[in-house]
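Visitor: Residue strings, one per chain:
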Amino acid sequence: MSDLSIQEQAPRAAAQTRQQSRTSRWRTDLTGLGFVLPFLILYALFLIWPVILGLRMSFFNWSLGKGELEFLGLANYQELFSDPAFSSSLVNTLYFTVLSTPVLIILAFLLAWLVNRAIPAQWLFRAIFFAPFVLSVSVVVLIWSWLYEPGFGLINGTLTAIGLKEVNWLTDTHVAMLAVVLLTAWWTVGFNFVLYLAGMQQIPSELYEAASIDGAGTMAQTRWITIPQLGRISTLILILQVIASLQVFGQIYLLTSGGPNFSTRPMIQYIYQSGFTSFRVGFASAISFVFFILILIISIGQFLLVSRQRRDA
Amino acid sequence: MISEHDSIPEQLTTTASNGRLTRRAFLERSIALGIGSGAALTLLNACGSSPTTDLTYWNLFTGGDGVRMVQMQKDFTKSHPNINFEADTLTWGDPYYTKLAMASAGGRPPDVGISHLSRVPAFAASNMLDPFDLNELAKYDISEDKFLPSLWQKAQYNGKLYAIPLDTHPFVMYYNIDVCQKAGLLGPDGKLKPLDGTAAVMDALKKAQAVTGNLGLALDTRDVQPWRLFYTLYNQLGGQILSSDGRTLVIDEGKAEQALSFMRDLTITNKVASSTMDYGGAVATFGSGKAGFHWNGDWELPTFQGQNLHFDMLPIPNFFGQTYYAQADSHSFVLPHQATVDPTRRAASLEFISFMLKDSLVWAGGGHVPAYLPVATGNDYKNMSPQSHYASVASNVVFDPVAWFSGSGSELENQAGQAFQTVLVGQFTPQQAIAQFSAALQKLLKIPPPL
Amino acid sequence: MSTHSVGLQGRTQTRAADPRLKRNIVKGVTLVVLIILALLWLMPILWALDTSLKPESETTLIPVTWFSSHFTFQSYVTTLATSNMLRWYFNSILTSAIITAATVLVSSLAAFSFSRIPFRGRNVLFWIILAGIMIPGQILIVPLFTEMQSLGLVDTYWSIILPQIASPVMMFVFKQFFDGIPRELEESALMDGASRLRVYWQIWMPLSGPAIAAVAIFTFVFSWNNFILPFIMLTGNNMMTIPVGLATVQTSFGIHYAQIMASAVLGGVPVLIVFLFFQRQIVQGIAGTGLKG
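Chains as they are written, first to last, in the numbering used here: chain A, 54 to 366; chain B, 2 to 452; chain C, 14 to 306.
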């Protein structure tokens, strides 16, 4: 309160408020940033920095034991583009993705569809199909190597018991990848399965009731209601599944070591071997970078394709 | 109060426990009494006057010899209660060497590790191994004169010692005594008559095949075995693969073709060996008496003994009548590079290595030829049969060519195995196989070494 | 109502019994198919269990059989005595717990800020972080190892904990959840002079039970089973998590299938038991996160 007239008071009050809001503005900024800082630091250090470091390493002859050696320019990239091991690893990875993705989506859908209709003990079936997902890859591979064992393994033993011939699951180049896909299906279908199941359970029952009044049977209902309603989830599952499949490593490395004769070796294993087995982490970084770009292109391409479809639909 | 009735070791330990002797004085006194320093340390540790030390050790013995290594480890822990000893066995081959490299590169590796001698140069050049201190080693009875010169040389890199050889494991010949007797191949002493030259070898294999009605020779034609056989033959012809600096390809195509032609004669021309046999199949075939001969490393000795097979072992034949060589490698102890070295752990490491060398008669039971001469030249080993029948090979072994991509289980061996397998299955001619192998090597040589 | 929708059932009025019969048949067939599939799904685990309880000599019999005359726990005794399984469990529990707690804390803090604190540069920062979702984790293993090498962290718990905390997806899940909480709650607290930190801690987090549960479960399960990162970073037997230990260290020489299956069972069954007890929450957590992500 002062002797100033109101006309004189107002601008000063306004200036004071502006002053206050400027300081509280700074305070807000600082607080906001402060909250994000822990995340930001870890993100920058362990997600962004490795990308930059990897890019840098790819231009050098970088040794696992000795670190940075001589500058190579684009030599690593030139080498990998003419490297048959690179192209065969890429082919194997794509082959695995193309084989496993439809299986993991369609099988998940089928299981969810079946379980959704099981009124008694639905929780039991849901638990059984999801349970393998909580096992680690090492446990799963130990069990399945044993299942695939020639002679006295369960699968071959059952085949011979019913009069069929044994299959060389892990030593036949034509079968090995199928063996990997079978294992992967058992192990990971649970994830997509629960997503589909949750999605199905969210579909309003009125839609189905209306359709059955119209005379639509189970198959028609599935075709015209269930599937379209799950469109968004399916897109999500598809994109996630493809990205995950492209990065496959654990189960192949442990089950077949990339064999027989490198016929199952995926890209991540080739990166691992180039860098850590052959000590060439610079070369391995170059491969990683090229593969990163490839995955990016495939993911973006998928995303655009699917959005275009949804827009046109 | 020490009486005359106490034995010398008891006297020493009593005095030490009384605190009247320093550790150093104890050692000096015991050495003067003729007790080795290793044993003295054992006594010292046994009376509990030293604190516990940790010691970690990695090996890759997942096969039958693993059982013997476990036995030796048990012997060590029993006699060294003051050392908190931990041993880990990792999967043979690339998985083991990759983990060892990454642990060394990361700065927290095990104190002691096993390495094939053929892998030591690459590891040493990449700063992944610490050199041994020769003066320290002498205190543990480890010195140059206690090993074959070829092995001691092979363990050096850049003038420093990076490995202590435990054994040599050469490519050898197993033969079924009963089959060979029926084939008329045994001499009056009941041992195989010497096979000099490829003709004699082929003749013997054919005769054995006539007896078994199946195969004369059980040979693994996949994986790495074709390389071992080729390398033996090729070196016996005087051939070399890489120049001594490991930078240039110096393959003698004529000699290589000669070696591969003989290999093709085995499986394709004369069919005394199967062209599609894998490792397990070869071992099983010989072990069940369905082949008269088996060419492999020496480590399957316990397997065949366990099957009560009537067999014997000899050096692989001298095929061409020239200077004799057999492909081999050697298991050795190495010190992975530590960021900071704990002196007590380092001492415990040397103690461990020394003990293992002296205990390597147990190891020889697994088929390997001990590298430690006091054991190898001792009567106990000389009386071991069939081990002593092929022990002489150790002075004529040839290791894989020296290069960063070479060594046991390495890329060079993989490429060789793949290329030479094509000859054994009749897919490619020797010339084609050599071309494929040479191309693979040229590619590897062009890569800037990550060392 | 279109005409074709009547086609399948025909004259629905006069054949009222048929649809119900048909529905029951469909239900019955569904159940049978489900039971068969469920049994197939259980087979691998049951067979592993069966093998682990047999004496070694009976594991390699042909024809294969489920029955044994001498079921025994010997393989478990041997495996527990020779392997480092208990230590591996400790390592897995410790690292997964720390990762989970840290992820919940760090991600929710950041999400709270993005959702509720109008600071300058907020949008840009948010999109930069979200862009990180496009980076596939596995391709970073080589430079990540090099980074840990230079930090001297190889073969330490930190080498696997630190890279797993900042997850853009988990942060996004929190943000979605926070965006749905009404503004009035914090506005009154702020006007009363409460700091933003207090608002976050005392108002928001208690309300965010479902989101916390979802993120925590998802993070715990994925970090527990993470293979490639610990496989590369952890080189010493005493540091390894269960997946790495089982894949790296050999405790049986020659071929001992019962022992190998015992170690698989020891590595997997406790997790399965925990899953059975909490399966509703776990499935909901995973599905919830997945649907939002």
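These aren't lab readings, by the way, just hints derived from the structure by calculation. These numbers come from a predicted model, not from an experiment. Glycine included, each C-beta is placed from N, C-alpha and C at the ideal position. Mixed in with the good hints there might be a few duds.
Cross-link-like lysine-lysine pairs, in silico, DSS-like; alpha carbons within 30 Å at most [as the list claims (entries may be wrong)]:
no.: 1; chain 1: B; residue 1: 256; chain 2: B; residue 2: 272
no.: 2; chain 1: B; residue 1: 161; chain 2: B; residue 2: 291
no.: 3; chain 1: B; residue 1: 208; chain 2: B; residue 2: 272
no.: 4; chain 1: B; residue 1: 147; chain 2: A; residue 2: 218
no.: 5; chain 1: B; residue 1: 183; chain 2: B; residue 2: 359
no.: 6; chain 1: B; residue 1: 256; chain 2: B; residue 2: 183
no.: 7; chain 1: B; residue 1: 447; chain 2: A; residue 2: 119
no.: 8; chain 1: A; residue 1: 119; chain 2: B; residue 2: 161
no.: 9; chain 1: B; residue 1: 208; chain 2: B; residue 2: 256
no.: 10; chain 1: B; residue 1: 207; chain 2: B; residue 2: 194
no.: 11; chain 1: B; residue 1: 75; chain 2: B; residue 2: 147
no.: 12; chain 1: B; residue 1: 444; chain 2: A; residue 2: 119
no.: 13; chain 1: B; residue 1: 272; chain 2: A; residue 2: 218
no.: 14; chain 1: B; residue 1: 256; chain 2: B; residue 2: 140
no.: 15; chain 1: B; residue 1: 140; chain 2: B; residue 2: 291
One-sided excerpt, in silico: chain B residues whose CB lies under 7 Å from chain A [to be verified]:
no.: 16; residue: 127
no.: 17; residue: 131
no.: 18; residue: 135
no.: 19; residue: 139
no.: 20; residue: 445
no.: 21; residue: 449
Visitor: Run every hint past the structure and note whether it holds.
Guide: Verification of the supplied hints:
1. B:256 to B:272: Roughly 22 Å separates the two Cα atoms, so the pair holds.
2. B:161 to B:291: With Cα atoms ~48 Å apart, residue 161 (chain B) and residue 291 (chain B) exceed 30 Å; violated.
3. B:208 to B:272: The given pair, whose Cα atoms are some 12 Å apart, holds under the 30 Å limit.
4. B:147 to A:218: With Cα atoms ~57 Å apart, residue 147 (chain B) and residue 218 (chain A) exceed 30 Å; violated.
5. B:183 to B:359: This hinted pair is violated, its Cα atoms lying about 41 Å apart.
6. B:256 to B:183: 35 Å, violated
7. B:447 to A:119: The given pair, whose Cα atoms are some 20 Å apart, holds under the 30 Å limit.
8. A:119 to B:161: Distance ~18 Å between residue 119 (chain A) and residue 161 (chain B) Cα, so the pair holds.
9. B:208 to B:256: 28 Å, holds
10. B:207 to B:194: Status holds; Cα separation ~15 Å.
11. B:75 to B:147: Holds, because 25 Å separates the two Cα atoms, which is no more than 30 Å.
12. B:444 to A:119: 23 Å, holds
13. B:272 to A:218: Since the Cα atoms of residue 272 (chain B) and residue 218 (chain A) sit roughly 28 Å apart, the hinted pair holds (cutoff 30 Å).
14. B:256 to B:140: Given pair residue 256 (chain B), residue 140 (chain B) is violated - Cα atoms ~47 Å apart, limit 30 Å.
15. B:140 to B:291: 51 Å, violated
16. 127: 3 Å, holds
17. 131: With Cβ-Cβ at 12 Å, over 7 Å, it is violated.
18. 135: 24 Å, violated
19. 139: Interface hint status for residue 139 (chain B): violated (29 Å vs cutoff 7 Å).
20. 445: 10 Å, violated
21. 449: With Cβ-Cβ at 4 Å, under 7 Å, it holds.
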